[in-house]
Amino acid sequence: MLKLQEFHIQKCYGSKILKHNFYTSSSLLYNKFPIQSRRSKLKKSTSTSTSTSTSTSKYDNSFLKNIFQENKNNKLKIENQSQNNPSSKTAGLKKIQTLVKSKVKSRSIFDSYANLRIDITKPNDELVRTIIKNTTTMNKRRFTNPAKEWLTQFTKEEIQELEDFLNDDLTTEGTINEQTMETPIKVGDLVTLGSESLRLYLVTSVPKSFSSKICTFLSDRGEIMFAPFNVIGYRFSGLIPEKYHKIIEKFVVLEQKYIDIPPIGVPDAIFSKSIAALPKGLQHQKNRKNKGNVEHEEATNTDADADADADADANPDESAYLDPNDFIVQQAASQLLTNTDVQTFIVPTTVRHIYVPALLQISNEAFWKMGPMHQKLEKLHRSLQIDDANGEFNTPRTVSIFEILSKLKEPNNPQPSTIKLGKSPNNSIDFDQRQYKISDVMAVLSLLKKQSHLWTVLPCKSSFTPTKVTIWPLAQTKEEERTVEYLKNNHGLDEITAYCGQIALGQEPVTKPVFYHNVEKMLREYVNGKYKDDASISTTLVSLLRKVDKHFMELGIPLKQEAYKNEYSYGKAYDLLIKLNKDIIVNPLLWSEQANLPTEENASANTLTKQKFYNYMDQQHANGTANGTANAILQDTIDAEMYNEDPLHHLRKNMRKVPIYCIDDPTAHEIDDGISIHEDQQDYVVSIHVAEPSSYIKPNSIISSLAFEKSSTSYMPDTVFPMLPKLVSDIAGLGIPNKDTRTFVVQYRIDKKTVDDYISNKMVNKNYEADKSLLDQLISQINNSSNIVFATVSNFRQGFTYDKVNEVLNDEMKINQYKQLGQSNDLDFNNLVKLQYISSLLWEIRKSNYAYANGGNTNLTVKKTDTVTISTEFFHDENELQMKLSNSNNTISISFASMESASIKLVTENMIIANYLTAKFATDKNIKILYRYLDPKFNNELLSEYQKLMELFGTNDSIPTDQLTQMFPFFTRGLVTHTPQKHLLMGLTMYSNITSPLRRYIDLVNQWKIQDYFLGKQSILDKNIPGIANYLNGQGEIIRNIQSRANTFWQGLFLRNYQDLENNSNNLIDFKLKLITNPKKGTTVGVYMPNFRFINAHVEVSSEMLEDIKSGQLKVGGLIDSDKLHLKQVDFLENEVIFEYK
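Residues 1 to 1142 in this note's numbering are what the sequence shown spells out, letter by letter.
If you are wondering where the hints come from, they were derived from the structure by calculation, not from laboratory data.
Zero decoy hints are in this set.
Derived DEER-like restraints, expressed as beta-carbon distance ranges:
{"no.": "1", "residue 1": "Lys937", "residue 2": "Ser543", "range": "42 to 52 Å"}
{"no.": "2", "residue 1": "Asp828", "residue 2": "Ser895", "range": "22 to 32 Å"}
{"no.": "3", "residue 1": "Lys250", "residue 2": "Lys772", "range": "36 to 46 Å"}
{"no.": "4", "residue 1": "Ile736", "residue 2": "Thr867", "range": "25 to 35 Å"}
{"no.": "5", "residue 1": "Pro666", "residue 2": "Leu1106", "range": "46 to 56 Å"}
{"no.": "6", "residue 1": "Thr858", "residue 2": "Asp828", "range": "22 to 32 Å"}
{"no.": "7", "residue 1": "Thr867", "residue 2": "Ser895", "range": "19 to 29 Å"}
{"no.": "8", "residue 1": "Asn1078", "residue 2": "Gln1018", "range": "57 to 67 Å"}
Each computed DMTMM-like pair below joins lysine to aspartate or glutamate, with the alpha-carbon atoms no more than 20 Å apart:
{"no.": "9", "residue 1": "Lys478", "residue 2": "Asp534"}
{"no.": "10", "residue 1": "Lys847", "residue 2": "Asp776"}
{"no.": "11", "residue 1": "Lys213", "residue 2": "Asp268"}
Quick reminder that beta carbons are idealized off the backbone N, C-alpha and C, glycines included.
Using the sequences provided together with the hints, build the complete structure.
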């Protein structure tokens, strides 16, 4: 009898993790993994075939090892018995025959050995020798031969160097920082699959085409997984030097199959096929026209010859290359792949010996660090309740995970800021450049998710590791714990349910439950996804929703029975809150405490205090402007917050006579840029004028600190939360005629004749394009002539919105005048047409560098009206969709603006060149500013494919939608950094931000730094620039998430109201859905909705769709006929929209 060995987990915090379904590898059942150098133990090369007979895997292989040892002992026992007792040769024969005849249906782990041809009529000792021989041969084929063959691809020194690096340098010295975690996925990355596991995988291959997201992952057990990169939970990049990548790419090899023997390898994601995947004895049949002429016996003889060759140099003990875990893999192998040309892949055992110990050690280190780190993290949370002003904070705030690691390892008391409101930029520390071991980062990420009542790890782009975390105020978490306890006990659910029923019926409740406000607040946070990682709170709130839903049904006032993504999704909670709010629609993002928006209803006292500071300044400024007198307190505040006089007055250039065009939407909240053009000798001088709040606001002021804390203006379809008070926009903003205004000016010059000739050629032939030599000449002129100056301007041309500029540029009479005379009788037309064609040249330059330009933008706004609409109303034309919401004064408007519009291109290209030239100016002058970059660092195959797509786009052909949607998941996030780097989508070697200082803090910082350069001082210290970049990246992630979710909500709400009207109206929308995935690969297909680009939409696959695909009427990348679509399901909070195909 075989005995199973028992292993006990030591009593430590780790047992709690396992108790809570925290999945870890089986190696964690061992004691702490020792950290020691392998160099001291490795005396021989990994290629030496005389390695020990014990697998180097750190798994509990004892059970299977016992099987092998017992078989070996039985073999010796049988041989001894056969020599001593010849009659025993036939003993047990009947038992073996009975076993064979029984035809057991279940398959053992040794099933493949049963497939070997043996003659059971022979004596037992001969049977045993045959089985042993066949087993040895099979082990040699499956394990020994691939292992030895793999070793021949590299030198002993190369293999030893890699093994030493992985098991010495990587495990003891391998560290990461946030910058390395922002790089794209590549060979050599270490990843977890999902965020609930400490088990590491090694990436050995990455996609080489946008059409595939499949990567190859190797586990710490030698298992192969072919899966898309969006299954990655955490990823750690840049740890293994590129010089080792070529070896790592060879870790997975094609398995050699043998006739009638099931493979032990696994097929890839597409079940690829090749002749080489066939058993050698069958490969020659593949190319014969008449396969039936080949006898199966001939093939068998071929393999028999291979057996003889294998036996010729067989070692007595092949277990050096045999890992017992392979039998588990073998058990799972599909019998259907036997004798097929489907490629199966294996990891040679020699490869496992190289990388497995390193993965295990790192995972085990992370696991054992979690125990002592748990209490330290809770203690740190309490210490982080103090803000920069040394006061207790009551508002959620976001920090870097590397800041948490830094404070866990080096607790210190930060120097309190002199700023009592906001966050001082001169207190910024760059934690993201600090290096930490992978095990430290893994442990803290895992614990932050476990302690979800204290922290929320911010989601990030697929295949990237989250690096930002929200800290929740301790008082709030305690209040939530009390509320959950109330709901679970003392009839709390019943009290809240009854009260909700009374409110929904319009009754006046006698008393409000003490915890009702807390429950309502938690339901609002539930709608915003705060408790997704907190099972205790989530289940309690779902229980409440079920109870309320049932109670409302009994009262005859059921909630909307929508087909939500989940039965009790966030949408169900939202519907309840709206019903309790008299059916008044509210943007749920306004409820989110994590968003920290200054709304009266939900903002913390701290946030409201900061907003009141802005409101006071704006109100007193407005009163003073109206009365002609300034409030004394306001004046004192302005004196403390702002410069008394222009710090750059002696550098100002008088440009008051130059006409400036501030082209924007008529509803723009602040005007912070304009463009001018004038002649100077043989050149056109183009000036991008930028509002200059930096010459008014002091960098160490309260206004600056509040703006830094916000980081940018937050735009939602229904509201805007400005970064700066309106007072600053009024003082520093552009566009007021005849008012002396300070501007930060980025200038460049272009040869006048070159531009005039281009305009002339382009007007005659719309398809005319500048050749490469001309583009090179232009970019050289721009680079050499670019400069930054400070100016005073006042000649702002009025009424030039995007639409007005297009109207002017399309005036045929003026166009003909310009063709004939080189100018028209309209000065504005002359200036704008030159700027239009210069912007075309700027685009040609970027296009030659494979820049990408979006084909158009969807404008989503929620307009407020003075009257409340009783019932839902919908109407549309070719340019706009509008939905008036019932019981509301809100109208959702969706319109589409083409980026091909002359006015949009004119502004866009000049803003881009201004940002580029600012980056270049700072780099040339060694000014420490903030840059913005986006560089996915594509491998050669992906880069070539990207360039081909951009070339297609450059020929005015649109890139197929399916190819675009395949490409964008491969991009990294655009980030702020303190060093100049490439921006791939812009087609520029460096990029910054300067053109929107009224709504982006990065622009404001850059103005201060360049201003400091001219004044010879440092108002913002160079050493603080990396820390500012770190903070802006974190806040930027939050703001982008808020804005995206707000857009998703309003577009989803539009669709849900449209769904209610769809069956009762012939006024249907042409959604222009584009098919982006193949219907043959699932029950639903992905589609792209150009006017609803924030919506995650799918269409159910039907027999009608498959028929249309077969006939060619419907193609991947093509439009779907809207008449065949029916809107079936809209979950506007969890962003799932399903169409039926009729």
